[in-house]
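A.B. asks: One-letter residues, chain by chain:
Number of protein chains: 2
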Amino acid sequence: MEEAVKLFGGRSSPFSCRVECALKLKGVKYEFIKEDLSNKSDLLLQYNPVHKKIPVLVHGGKPIVESLIILEYIDETWPERYPILPKDPYERSKARFWTKFMEDKESTFWSLIFATGETKEKIVNENIEILKTLEEHALGDKMFFGGDDIGFVDLAIGTGIHWMKVVEDIKEVKIFETCNPLQAWFERFSEVPVVKESLPSHHELVAHYKTRMG
Amino acid sequence: MEEAVKLFGGRSSPFSCRVECALKLKGVKYEFIKEDLSNKSDLLLQYNPVHKKIPVLVHGGKPIVESLIILEYIDETWPERYPILPKDPYERSKARFWTKFMEDKESTFWSLIFATGETKEKIVNENIEILKTLEEHALGDKMFFGGDDIGFVDLAIGTGIHWMKVVEDIKEVKIFETCNPLQAWFERFSEVPVVKESLPSHHELVAHYKTRMG
Chain A
304 MEEAVKLFGG
314 RSSPFSCRVE
324 CALKLKGVKY
334 EFIKEDLSNK
344 SDLLLQYNPV
354 HKKIPVLVHG
364 GKPIVESLII
374 LEYIDETWPE
384 RYPILPKDPY
394 ERSKARFWTK
404 FMEDKESTFW
414 SLIFATGETK
424 EKIVNENIEI
434 LKTLEEHALG
444 DKMFFGGDDI
454 GFVDLAIGTG
464 IHWMKVVEDI
474 KEVKIFETCN
484 PLQAWFERFS
494 EVPVVKESLP
504 SHHELVAHYK
514 TRMG
Chain B
304 MEEAVKLFGG
314 RSSPFSCRVE
324 CALKLKGVKY
334 EFIKEDLSNK
344 SDLLLQYNPV
354 HKKIPVLVHG
364 GKPIVESLII
374 LEYIDETWPE
384 RYPILPKDPY
394 ERSKARFWTK
404 FMEDKESTFW
414 SLIFATGETK
424 EKIVNENIEI
434 LKTLEEHALG
444 DKMFFGGDDI
454 GFVDLAIGTG
464 IHWMKVVEDI
474 KEVKIFETCN
484 PLQAWFERFS
494 EVPVVKESLP
504 SHHELVAHYK
514 TRMG
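Just so you know, the sequences run in chain order A and B.
Every position in the first sequence, counted from 1, becomes a number in my numbering once 303 is added.
Every position in the second sequence, counted from 1, becomes a number in my numbering once 303 is added.
Just chain A, with the same shape it has in the complex:
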């Protein structure tokens, strides 16, 4: 009998969304448990006592936390299905490098939310520089970061960028207009069926964050 797979997540979290995409790519059946982030469940706190955050994947009663670590777990647990990371150790190291690169830049991205004036402009430019580095060094002229199909880097960066576009709209700034290769990649990414059905709509996210940002 297959062990139960549960995902404690949220519909407005890019970190939760990338895990859902990975589970769907692998064809793993799972129960989605929507967490109320203003009133976290006892189970969430029990499964992730250190960070008390979503997403948490629970497989056979065991919790796995941190979205990128969950993606590696999913790939290792169901290795015979859709490959998320490449097989070759060198290619794997490059995929891990670029997801870590973007993870390390997350604060630069989220800091835009409450920025104004010159600070806002400065942060916009920093974000553009990050995206240019990605385009130049990681994407090149490939179809996806993962090659001909989406993989680890696409899931990590694609979900991040979907949310970045929401913040771009709300803050009335232009981040992506000069990033043509990345824009084209994001269009391809968001048309992949599993991604298309998993990403919340841009307009819903804009509405959601506008409410929260008062």
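Please keep in mind that the hints were generated in silico from the structure rather than gathered at the bench.
There could be a bad hint or two in this list.
Unchecked claim - Distance condition first, Cα-Cα at most 25 Å in a straight line; then the derived DSS-like pairs of lysine-lysine: (1) K408(B) <-> K474(B); (2) K425(B) <-> K474(B); (3) K365(A) <-> K435(B); (4) K477(B) <-> K425(B); (5) K365(A) <-> K390(B); (6) K425(B) <-> K365(B); (7) K435(B) <-> K355(A); (8) K435(B) <-> K390(A).
To be verified - From the structure, some residues in chain A lie toward chain B, with a derived Cβ separation under 8 Å: (9) V353; (10) E375; (11) Y376; (12) T380; (13) L388; (14) P392; (15) Y393; (16) R395.
We treat Cβ as the ideally placed atom computed from N, Cα and C, and that holds for glycine.
Based on the hints, put chain B in the right spot on chain A.
C.D. replies: Below, chain B alone, put in the same frame as chain A:
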């Protein structure tokens, strides 16, 4: 013929040191190329154009960067030798969680270097809290984080703590005195032959950093 392995590193870097330990545990022959960090070589800049930092492992002409990513690469490239990560996906996810946990806290650690007065005291307490979390949730009553032998988490945290003890001395603060289980683990860790021959001496590091911080 085996492909050449080169490590661009530095003797006073915990990140370089953990890679050396991993190569030695695996019995991989390598050439150590000491980088002058005040005048980085063209090769280093070519191999790590994004971060321009050590360590860089070059294997068969291909560069792998970021110390923890290098450890995963080493484990995947020589899987038949000393295991660095556990085999089980769930245990692997826990090992990755704790190394990421400590990596995310690095800035809290390094921020101590230039802190004074109340800020210094506050940062000391934050560091103690981090170590207590490690003791309680990750180490427990095990011999090593990796179980009966050192592995991924031990290499990441052990090198970090060796350097933290240097900063503790220079800044004349007490971080470890209440962390008995972690102290006992660190003693066991630093007596492992490969670690013992790779860690620079505490006194040399104190002298090195005192000069730089002077």
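A.B. asks: Run every hint past the structure and note whether it holds.
C.D. replies: Evaluation of the provided hints:
| no. | hint | in the structure |
| --- | --- | --- |
| 1 | K408(B) <-> K474(B) | holds, 19 Å |
| 2 | K425(B) <-> K474(B) | holds, 13 Å |
| 3 | K365(A) <-> K435(B) | holds, 23 Å |
| 4 | K477(B) <-> K425(B) | holds, 12 Å |
| 5 | K365(A) <-> K390(B) | holds, 16 Å |
| 6 | K425(B) <-> K365(B) | violated, 43 Å |
| 7 | K435(B) <-> K355(A) | holds, 17 Å |
| 8 | K435(B) <-> K390(A) | violated, 37 Å |
| 9 | V353 | holds, 6 Å |
| 10 | E375 | holds, 7 Å |
| 11 | Y376 | holds, 5 Å |
| 12 | T380 | holds, 5 Å |
| 13 | L388 | violated, 10 Å |
| 14 | P392 | holds, 4 Å |
| 15 | Y393 | holds, 5 Å |
| 16 | R395 | holds, 7 Å |
Consistency note: the structure conflicts with the earlier hints numbered 6, 8, 13.
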